[in-house]
Amino acid sequence: MDTGFIIEKFILVAVIFGISLVIAMYSTYAERKVAAYLQDRLGPDRAGPFGILQPLADGVKMFMKEEIIPTTSNKWLFIVGPGLALLCACIGTAVIPWGSPMEIGGKIVPLQVADINVGVLYIFGVVSLGVYGVMIGGWASNNKYSLLSAIRAASQNISYEIAMGLSIIALLLMTNTLSLKEIVDQQHGWRWNVLYQPLGFLIFMVCSFAETNRAPFDLPECETELIGGYHTEYSSMKLGFYLFAEYINMFVSSAVMATLYFGGYNYPGMDYMATLLGPTWAPLFGVGVFFVKIVFFIFFFMWVRWTIPRFRYDQLMNLGWKGLIPLAIANIIITGVVIAIIEKF
Amino acid sequence: MSTQVFYFVATLSIIFSLMVIFAKNPIHSVLYLILTFFTFTVHYVLLNAQFLAVVNFIVYMGAIMVLFLFVLMLLNLNKETEPVKSPLIKIVGVIAGCCLVVTLVGSFKAATINSPLILKNQGLGLVENLGKELFGPFLLPFELSSLLLLAAMVGAVLLSKRDEVEA
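Protein chains in written order, with our numbering: chain B, 1 to 345; chain V, 346 to 512.
One chain only, chain V, in its complex shape (with noise of 0.2 Å):
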C-alpha cells in the first residue's frame, strides 16, 4: 500500500516539476511548484516525519510560495516584457546543464544502493523526538544557524533601510 502511494506521488512530483519549467507563464510555473512542494508534503508524511511535513508545508507553501507569487505578481511579467536572450547564454546553459547531468550520474553511480538505510529509531520525525535530537546532541549547530538566519534578517532589514537614509 505505501509502496504504491510512494510510487503514485514520486510520479506527480516529477511530473509537475517538470511542468514547473516547461510552464510558458511564470504564474503558472510558481502553481506548479506550489504542487511539488504539496507532493512533497506527502513524501515527507510517507516517511513518518511529521513536523518535516508540516513545516514544509507552512514555511514553503504557505509562505515562501506565497511571497514568490506576490513578486511574480507585482512584476506582472508577460510575453511582450520578457528579454530576448542572446545565443551565447543559452549555450552556456546547455553546458551547464549537462555537466549537472554528468555530475548527478557519476555520483548515483558512486552510491551503492545495496545496503539501505534503516534508522534506529522509527519514530524520529515526531515533533518530541526531532526537538530532543535538535536540543540536545546537535545544539551548537541548531544554534550557529539560527544566528546566521538572524544575522541575515538584520542585514536585508539594513538594506531595504539605506535608501531612505540616502534619499
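Chain B extracted, bound-state conformation (with noise of 0.2 Å):
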C-alpha cells in the first residue's frame, strides 16, 4: 500500500463522489422539466437560461429554511436517518466499473474504487441497507403516519429483495462470476446481458423501482393516505437529505441495470475506437458511453413517474410474491435448463 495509490483511489473517490451529487443535483431539475414536458407545461425557467440554476436555488433554500426537531423525536436517531440514507445512497458506487483501465502518464489506472469479487453480493448488501434510514427516521419521528410509512417501507424493501435476488441469480449462472468487473468485460461490444437475460432484466427493473421508493412503488412517501410519509416530520436540510439520498439511489440503480444488462462501458465498435483514440481517450469516451446510458436509465425512471399511477398496497404486494418471484423462479429453471444444454452438446 504505497502513498500513490492511496492518492489515486482518493482521487477516483473525490471525483465520483462529486459526480453522484451533482447528478443527483440536476436530476431533481431533470425531473421537473421531465414533468413539464410529458404534462405540457414548462417547467422551472426562473433561475439562470432555462432554469439552469433552479437546483442551486433549491440547495440554498434548503439550508436556510428553519430547522425543525420535534420535541416527543427521538433526537438522536432523527438526525441518523436522514445521514444513514444519504451515506448508503452513496456507497453503492465503490464497487462500479466506470470505464475500462485509462492510461496517464504511462501509469494503467483502473476507473473503479475496488474490484471485490463479491461486487455483485456488496451492491445487493447496500440496496438492502438502504432501508434503515427511512425505518429509523420514520420511527423517531414520533408520528403515526411517519411509522406506517416505515413499515410499509420495510415490508416492500423485502419483498422486492427476494425477487431482486433471484433476478441476478440468472444473470450469474451465466457470468460464472460475481466481480462487476469481469461481468462488464464479458459483454465487449455488442454482447450485452440484455440479449440473453430480457426477463431477468425486466424483473430487476422492476424491483430497482421499488427498492428505491420510485412510482410507481413509491408506497412510503403516498401522500393521499400518509401526509408526507417517512418525512412528514423533517425540514430542511435534513428533508433535503432524504430527498437528495432518492436522486443518488436512482443514479445507483441506473449505473448497476447499465453495469449488469446493457454492458457498462462497453458499446459496438470498441476495438476500431480504441486504435483510433489511443490508450488514454478511448476509455474516457467509453465512460462517457456509459454515463449516457446511466443517463438513460434516469429518464426512464422519471418517465415512468409520470406516466403510471401509483399501486394499492394490496397489488405491490400481489405483484412482488405471486409475480415477480415465481417468474424469476422461472427464469432460473429456464437458464439453468439452457445452459446445461448448451454445454452438453
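Take the hints with a grain of salt, since some may be wrong.
Unchecked claim - Taking lysine to any residue and the SDA-like style, the derived pairs with C-alpha atoms no more than 25 Å apart in a straight line are:
1. V:K506 / B:G323
2. B:K75 / V:L363
3. B:K75 / V:L449
4. B:K9 / V:L363
5. V:K506 / B:L319
6. B:K75 / V:V365
7. B:K344 / V:F480
8. V:K477 / V:F453
9. B:K75 / V:A368
10. B:K344 / V:G476
11. B:K61 / B:F78
12. V:K477 / B:E343
13. B:K322 / V:F413
14. B:K144 / V:V375
15. B:K107 / B:I11
16. V:K369 / B:T177
17. V:K506 / B:L316
18. B:K75 / V:V390
19. V:K477 / B:G323
20. V:K369 / B:K322
21. V:K477 / B:G336
22. V:K506 / B:I329
23. V:K369 / V:S452
Hints in this document: simulated from the structure, not taken from any laboratory.
If you follow the hints, you should be able to join the two separate chains into one complex; please do so.
Below, the structure is given as C-alpha cells:
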C-alpha cells in the first residue's frame, strides 16, 4: 500500500462522489422538466437560462429553512435517519466499474474504486441496507404516519429484495463470476446481457423501482394516505438529505442496471475506437457511453413516474410475491436448463 | 496492523452486544444488534472469508434485522405496556444465566489454546473455493439443509394460511 495508490484511489473516490452529487442535483431539475414536458407545461425557467440554476436555488432554500426537531421525537435517531439514508445511497458507487483501465502518463489507472470478487453481492447488501434510513427516521419522528410509512418501506423492501436476488442469480449462472468488472468485460462490444436475459432484466428493473421507492412503488411517501410519509416531520436540510438520497439511489441503480445488463462502458465498434483514440482517450469515451446509458435509465425512471399511477398496497404485494418471484424462479430454471443443454452439445 | 484492527473491532462487538442487553428501549436494542452484526462482518473480512462477510451483511443486517425492526415497530412496545415479570421468573433467569456461565467457562478451560488452527487453504472463504467445497464433499449435508429450510418455509406459509380457512 504505497502513497501513490492511496492518492489515486482518493482522487477517484472524490471525483465519483462529486459526480454523483452533481447528477443527483440535476436529476431534481430534470425531473421537473420531464414532468413539465409530459404534462405540457414549461417547468422551472426563472433561475438562469432555461432555469438551469434551479437546483442551486433549491439547495440554498433547503439550507436556509428553519430546522425543526419535534420535542417528542428521539433526537439522536432523528438525526441519524437522513444521514444513514444518504450514506447508504453513496457507498454503492464504490464497486461500479466506470470505465476500462486508463493510461495516464504511462501509468495504467483502473477506473473502479474496488474490484472486490463479491461485487454483485456488495451492491445487493447496500441496497438492502438502504431501508434503515427510512425506517429509523420514520420511527424516530414519533408520528403515526411516519411510522406507518417506515413499516411500509420495510415490508416493500424485503418483498422485492427476494425477486431482485433471484433475478440476479439467473444472470450469475451465465457470467460465472460475482465481480462487476469481469461481468462488464464479458459484455465486450455487442454481447450485452440483456439480449440473453430479457426477463431477468425486466424483473431486476421493476425491483429497482421498488427498492428506490420510486413511482409507481412510492408507497412509503404516498401523500394521499400518509401526509408526507416517513419525512413528514422533517424540515430544512434533513428533508433535503432524504430527497437527495432518493436521487442518488436512482443514479446508482441506473448505473447497476447499465453495468449488469447493458454492457457498462462497452459499445459496438469499441475496438475500432480504441485504435483510433489511443489508451488514454478511448476509456474516457467509454465512460461517456456509460453515462449516456445511465442518463437514459434516469430518464426512464422519470418517464415511468409521470406516466403510471401509484399501486395500491395489496397490488404491490401481489405483484411482488405472486408475480415477480415465480417469474424469477422460472427464469432461473430456464436459464439453468439452457446452459446445461448448451454445455452438453 | 491486522491484529490491532481485530482488537479494536472485537472491543466494539462486545460493547455493542452489551448495549443490546442494557438498552431500555427494544428498538434501540435491535439497532445495537445491527451494529453488532456489522462488526461481525468486519471480523469475517479480517478472516478473509469474503463470501460469509457479505452474506452476513445481506441476510442478517439487511433482511432479518429489518424484519425484527418491522415487528417491533408494529408492536410499538413502551414502558407502559411492558408486562411486570414475577420474581420467580427473575430467579429462574439468574439460575439459567449462571449455568450458562459455568458451561462456557468449563468449555473454555477444556479447549487447549496451545495449538492454533491454521487453514491449509488460505483462500477457503472466497466464493469460488467455498462453492466447490459445498457442492463437492459437502453436497449431501448442503442439500439436506436446504430441504429442511424448504420444509420450514412451506410450514410457515401453511400456518399463516390456516386462519383464513377457519374463518
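Against the structure, the hints:
This hinted pair checks out: K506 (chain V) and G323 (chain B) have alpha carbons roughly 19 Å apart, not beyond 25 Å. With a C-alpha separation of about 22 Å, the suggested pair K75 (chain B) and L363 (chain V) falls inside the 25 Å cut-off, and the hint holds. A C-alpha spacing of about 39 Å is found between K75 (chain B) and L449 (chain V), which places the hinted pair above 25 Å, so the restraint is violated. Between K9 (chain B) and L363 (chain V) the CA atoms are separated by roughly 37 Å; this puts the pair beyond 25 Å, and the hint is violated.
Restraint check for K506 (chain V) and L319 (chain B): the C-alpha separation of about 19 Å stays at or below 25 Å, so the hint holds. Restraint check for K75 (chain B) and V365 (chain V): the C-alpha separation of about 19 Å stays at or below 25 Å, so the hint holds. Distance hint between K344 (chain B) and F480 (chain V) is fulfilled; the C-alpha atoms sit about 20 Å from each other, no more than 25 Å. Annotation: proposed proximity of K477 (chain V) to F453 (chain V) is violated, straight-line Cα distance about 33 Å (limit 25 Å).
For the proposed pair K75 (chain B) and A368 (chain V), the alpha carbon gap of about 16 Å is at most 25 Å, so the pair holds. Among the hinted pairs, K344 (chain B) with G476 (chain V) is consistent with the structure: their alpha-carbon atoms are about 22 Å apart, no more than 25 Å. Restraint check: the Cα-Cα separation between K61 (chain B) and F78 (chain B) comes to about 21 Å, which is no more than 25 Å; the hinted pair holds. Distance check on the hinted pair: K477 (chain V) and E343 (chain B) sit about 19 Å apart at the alpha-carbon level, within 25 Å; holds.
Among the hinted pairs, K322 (chain B) with F413 (chain V) is consistent with the structure: their alpha-carbon atoms are about 24 Å apart, no more than 25 Å. The hinted pair formed by K144 (chain B) and V375 (chain V) meets the criterion: a straight-line CA distance of about 20 Å does not exceed 25 Å. Distance check on the hinted pair: K107 (chain B) and I11 (chain B) sit about 15 Å apart at the alpha-carbon level, within 25 Å; holds. For the suggested pair K369 (chain V) and T177 (chain B), the alpha carbons sit about 45 Å apart, so the restraint of at most 25 Å is broken.
Proposed proximity of K506 (chain V) and L316 (chain B) is supported: the alpha carbons are some 19 Å apart, at most 25 Å. For the given pair, K75 (chain B) sits about 33 Å from V390 (chain V) by alpha-carbon distance, which is inconsistent with the 25 Å threshold. A C-alpha spacing of about 33 Å is found between K477 (chain V) and G323 (chain B), which places the hinted pair above 25 Å, so the restraint is violated. Our distance criterion of 25 Å between C-alpha atoms is broken by K369 (chain V) and K322 (chain B), whose separation comes to about 40 Å.
At most 25 Å may separate the alpha-carbon atoms for a hinted pair to count; K477 (chain V) and G336 (chain B) meet this at roughly 18 Å. Only pairs whose Cα atoms come within 25 Å are accepted, and K506 (chain V) paired with I329 (chain B) is accepted, the gap being roughly 22 Å. For the hint pairing K369 (chain V) with S452 (chain V), the CA-to-CA distance comes to about 32 Å; that exceeds 25 Å, so the pair is violated.
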